[in-house]
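Visitor: Protein chains in written order, with full-length UniProt numbering: chain A, 1 to 268; chain B, 1 to 792; chain C, 1 to 156.
Hints should not be assumed to be uniformly reliable.
FRET-style restraints, in silico, Cβ to Cβ [claimed, not checked]:
no., chain 1, residue 1, chain 2, residue 2, range
1, B, M555, C, G78, 45 to 53 Å
2, B, E716, C, D143, 19 to 27 Å
3, B, S647, A, P221, 45 to 53 Å
4, B, A64, C, G78, 15 to 23 Å
5, B, D768, A, G216, 28 to 36 Å
Example chain C residues on the side facing chain B (calculated, C-beta under 8 Å, incomplete) [said to hold, decoys possible]:
no., residue
6, I3
7, L12
8, E13
9, R19
10, R20
11, R31
12, C39
13, R69
14, F90
15, M100
16, V106
17, T136
Derived from the structure by calculation, the hints contain no laboratory data.
Heads up, the beta-carbon is just placed ideally off N, CA and C, and yes, glycines get one too.
Chain by chain, the residues run as shown.
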Amino acid sequence: MIHASSLQEALDHQASGAVLFAGGTWAMRGPMDRPFVTLSGIPGLDLIEGQGGQLILGALVTHEALARALSTDPGRAALALAAGKSATPAVRRMATLGGNICTADFASPDLVPALLVLGACVTIVTAQGVEDLPLADYLATPPGPHVLTHVKLPAVTGRSTHVRLMQRQAGEYPLAALSMALKADPDGTIRDLRIAVGAVEARPRRWPALEAALIGCTPDPAALRGIARDLSDFIGRDAVDAPGWYRTRVLPGLVARAFATLTAPEGR
Amino acid sequence: MSTQATTPDRLTKAVMNLPRRDARDKLQGRTRYTVDDTDAGLLHAAFRRAEIASGRILRIDTIAARAMPGVKAIATAEDAPGLHGIGIADHPLFADEVVRYHGEPLAVVAATTLDQARAAAAAIEVEIEPLPACLTMEQSLAADAPLIHPDWQSYEILKDGAARGGNVAWEATVVRGDTDAAFARDDVTIVEGTYQVGRQSHVPFEPRAVVADYEDGRFHIRTSTQVPWTVRHVTAKVLGVAESRVRVTVPAVGGGFGLKFDCSLEPFAAILARKTGRRVSLVNSRREEQMTCLSRENADILIRSAVTADGRILGREATVLMDCGAYGGEQVFLTTMTAHTLGGNYRLESVRLSSRAVYTNTPPNGAFRACNGVYNTFALERHTDEICAAIGMDPMEFRRRNVVGDGDLGATGQVFEGDVLRPMLDLALTKHGPHDGRTHTDDGRLYGRATTVGTWFIFVGPSAATVNLNADGSATLVTSGVEIGSGTMVQSLPQIVAANLGLHPDDVIVKTADTDASGRDLGVGGGRTTVSIGAASEAACEEVRQKLLRVAAQMLQTSEEQLVLKDGRVEIVGRPGSGTSIQTVIAQAEADIGPISGSGAFTAPGIPAMPGCAAGHFIDAIDIPVFAVHDCELAVDPDTGAVEILSYRVVQDVGRALNPRAVHSQIQGGVTQGIGYALHEDITINAQGAFDQAGFSDYRIPTALDTLPIDFHLYEGAPSCGPLGTKGAGEVPILNVGATIACALARATGQAANQLPLTAPRVMALMDGAGPDLRFPHISRRWSDNTIAFRD
Amino acid sequence: MTISLTINGDPLEYSGDPRRTLLSVLRNDLRLTGAKEVCGEGFCGACTVHVDGAPKVACLIPMGTLSGRSITTIEGLGAPDMLNAVQQAFVDHDVVQCGMCFPGMVLSMSHFLAETPHPTRDEIKRAMTGNLCRCTGYERIVDALASIAPAQEALS
Ligand SMILES: Cc1cc2nc3c(=O)[nH]c(=O)nc-3n(C[C@@H](O)[C@@H](O)[C@H](O)COP(=O)(O)OP(=O)(O)OC[C@H]3O[C@@H](n4cnc5c(N)ncnc54)[C@H](O)[C@@H]3O)c2cc1C
Ligand code: FES
Ligand code: FES
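Using the sequences and the accompanying hints, generate a full structural model.
Guide: Take a look at the structure:
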């Protein structure tokens, strides 16, 4: 186990085969055949900072800290819910934002769909230098060896939410997770809408077809379910916790639930 | 039985909410379970297990592994050639020549550290030639199925009288009356249903674990078990030594639920202790514990009934296929239970039951809290609701009319004593109100409610107890009981002894099992501890009491009949304060006759069945029936298939509740385990014959948010031969949970909820009209085809 | 490399494999067996300890990350003859069964009640979702915890 005190050091060790170690809640359950390099000695990675409407989050911010920091931010409720309802209380105290995004073979990271609907950009550092890129791009083409240092969230004006479906009420990965960010006119017309889905496919992604179909509409719940069903192009992932057909089958219901939450009178 | 007159007084004294004496240590982390034996000098053992469901062993080469650092000994099949089992000796300790399930032990290594043992186990060279495997009972029962035990006919029979053959390890049948005639009548409706359940894993928080030592030419086995005497017997048998060479002691057990009702790791550790001359610890990793769990078995069930328009059950035929996995194990015994569980609850004018343990190339199954009863009750109660739908009768009314009552016959023709279930049903109806026919909740979820009945029994049988009276006036109770968490050893037993000897329970020391000190016992399970060990303890107390009173009568110049034991004193009846302290009497006794002790024993009274009805059964009739009525309201989310239990209510026949608070704990815990069974806990077996669920991330036991406060009523006063009229209360709470939830869910969704667990995807599929295929080509509609004994 | 930390107030200099779990060191080296290894992967909470006062799962913490930290295990909570309010409530309500989950349960819930003195029943249950119990069915544990806050109010 190596304690990196700078990003360069972390990158060097990573280049020679070490595995980055953040909260360890994923890494400690995998093979232990390679050395770990811890990031906790690198300054600034646990920062949570508002800049104007923008929010900058360090990669080492824990789920617990994230949920607490965002508890009074309705625009980013999706992220607060994702961070506050995933895993278990003790694991949320350990697991980090960066770990959630960077665990490449993890289909059900709760934070990722929430970050996608909030328009997150990530800052990564590679041997080539520092780079800012949209989270969606990062997910689509995972870069080579890198350290993710920060996540930047733009200013928000609407509301957002995150619904996660489990078999039990807590303590497990979602079978399907859906984040939604909505901006609507006072008459209910959808101005802006972003929807992202986690756990259904190998990695979380946005649902552009549904977003496009709904912008400008004022859908009622039944219609919403129907449109979601018709426009679903997800191919559900078969795994021990649930069959693939089920993950896609439940999506219209999750859309309706998220939409109902976001269109309920304020304060509910 | 002791005199009626003394019972009420002893009972009043015995009933209390005595808190557990082991709670403080458990809350402070001081309790040492078997897994906590981490002392220096201990060797650690690890298995090499087969990673194939069926195969021929070509080579197991341990030479390289033996040379690895820290390795002290390796054991394989040559070290334990004997076969053991229940009913039939079909089980070798290590896979020998063939592998019959994924996870079967091939070798076990003892080394200085666990990592060394694991590394060496992995380095053992193994060559196995794959053979065709039967992974389901349907495959095992196919006409051309390979035999999992080709030598089944040569196995030693440990209990006579059962039909066996092919891949059927054991068959128990019940035939009473003429079902053919009943089904042939033209005034009956014939209702047929098929039901299927998966396995359930116990997940005791302490896995199976043992520390074995070889001392003075004998084995000393400290183990996490419910059955010290079975461990002693099986270890001796497999090792080929006299049973007297094995001593078993049991520290606090971190949960059992039936998993530890069989010998498991102990003989492996014993062999290594003998080979190394050192203390050897063998503990299942969580993965091993899950992957080789002696689970509640999966079962396929067909029930057919011939019912009149007014709801009389003229005939019932059922076939219950129980997957025993690669070896017979507990399922051989559990075939017996079908007669009393699926054959229970209702008056049947004629009945034929076939209950079979079927071999498959899968990990062996075992006993789990209310074993067999849980799924047979599910099948029976779902079937009952299907009957009600078919004849158009209200389900509560049907149950009220048909539940067994005083003088009614059970499936095997035993005569039931007392009306118990009907008054319990009436009580449930009064307490919980009639079903209101609601089908929707305000939030659009589908609503369903159901009430079910269940029959269980206390598994009595031999127990022994000794009570030593100490000079300080305390008593020591020596039995083979162990504390698995249910509280019997720290609550009901000291309460019983104290009430009998006029002591406070705090003055009763309870020794946990040590087969060198305590008498033989069947073990802690089947709800039998309070009943069997309690009854033996009462008998031991009676001897102590008589000795004490004889001495005291002389001292106090009165007759023994005039004396009572009370508050640590011997008092003359009606003259409080006139007697003397128990210590004074003990001192006098030491001078006159020596220290006072008593011994007691108990065994099953042996209620008769109707001769000729039952074949292949270990218990023909049940000595202490236990009944339960459960009521559940739930809501199903039509978008996701998720089920929320809105209320859960229990009326439980407890005979007498000695410690009502402890019974409450058992009900809350047992129903919660049942909720897990009904909704979340799923085990699937993959193409390699291994479980898909290897640990806590996939095997879903209930969290705090998945249960609710269980409303309960303890129904007292039903007949029981147990001490002070008790019946065990720990097993039965789980009995009808699967049944009740499935019946409520079927009403909510209007779909046949005939498969457990009802996971959200399964419920969704049901609602989509894509339920499971339960046509069961391997179960014939002609009952006799499903037997060896009656097949023509 | 040596890692210095304190365990229940006692200093520990650890120089073994830094990837070894705190749980393994507690149980096997220090013979502090109150923390249990049940799932070994963060789900059950039976291995819970306090790291600088916050409950975490010791099965997922490598020794190498603990330099300068202060660990409290169940053995270090209070004194042998002194139960804390949570332990006392568990005794008074007689909620213990096999006991394997309770060291972790006590450590998690003691911290939770210190942070949330007047919890609702639902908050208690949510805080408990990382501490699984196979025996009790939880509700009586919740009852015991719910009794603490009002009792403390009554005393003050
Ligand atoms: C009991 C339990 C329950 C869980 N439940 C959930 C759940 O409900 N929802 C959910 O989303 N997740 C859940 N998880 C998964 C959880 O481990 C991850 O979500 C967590 O966020 C990973 O963060 P970490 O800091 O612990 O990562 P680590 O284990 O430290 O690292 C994980 C991976 O990410 C890489 N990595 C970490 N940080 C960086 C970085 N800054 N830059 C580049 N690479 C990096 C590491 O090299 C490693 O490959 C659960 C885990 C457990 C143990
Ligand atoms: S053993 Fe650490 S959480 Fe289960
Ligand atoms: S008391 Fe046994 S696991 Fe909780």
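Visitor: Against each hint, give a clear statement of whether it holds in the structure.
Guide: To see whether the hints hold, each was checked on the structure:
Roughly 48 Å separates the CB atoms of M555 (chain B) and G78 (chain C), a value that falls within the hinted 45 to 53 Å. At roughly 23 Å, the beta-carbon separation of E716 (chain B) and D143 (chain C) lies within the given 19 to 27 Å, and the hint holds. Separated by about 28 Å at the C-beta atoms, S647 (chain B) and P221 (chain A) break the suggested range of 45 to 53 Å. In this structure the supplied range 15 to 23 Å is violated for A64 (chain B) paired with G78 (chain C), their Cβ-Cβ distance being about 51 Å.
Taking 28 to 36 Å as the suggested C-beta distance range, the pair D768 (chain B) and G216 (chain A) conforms, at roughly 32 Å. Given hint, I3 (chain C) at the interface with chain B, is violated; its Cβ is 20 Å from that chain's nearest Cβ, farther than 8 Å. Violation of the interface hint for L12 (chain C) is found here, the shortest Cβ-Cβ separation to chain B being roughly 17 Å, above the 8 Å cut-off. A least Cβ separation of about 19 Å between E13 (chain C) and chain B goes past the 8 Å threshold, and the interface hint is therefore violated.
Look at R19 (chain C): its Cβ only gets to about 12 Å from chain B, farther than 8 Å, so that hint breaks. Checking R20 (chain C) against chain B: minimum C-beta separation of about 10 Å lies over 8 Å; hint violated. The beta carbon of R31 (chain C) comes within 6 Å of a beta carbon in chain B, closer than 8 Å, and the hint placing it at the interface holds. With a least beta-carbon distance of about 4 Å to chain B, the hint placing C39 (chain C) at the interface is held under the 8 Å criterion.
Interface hint status for R69 (chain C): violated, as the beta-carbon distance to the closest one in chain B is roughly 20 Å, over 8 Å. Proximity of F90 (chain C) to chain B holds as hinted, the smallest CB-CB distance being about 6 Å (cut-off 8 Å). This hint holds: M100 (chain C) has a C-beta 3 Å from the nearest C-beta of chain B, less than the 8 Å allowed. Interface restraint check for V106 (chain C): the shortest CB-CB distance to chain B comes to about 6 Å, inside 8 Å, so the restraint holds.
Hint status for T136 (chain C) relative to chain B: holds, with the closest Cβ pair at about 5 Å, below 8 Å.
Of the numbered hints stated above, those contradicted by the structure are hints 3, 4, 6, 7, 8, 9, 10 and 13, listed in ascending order.
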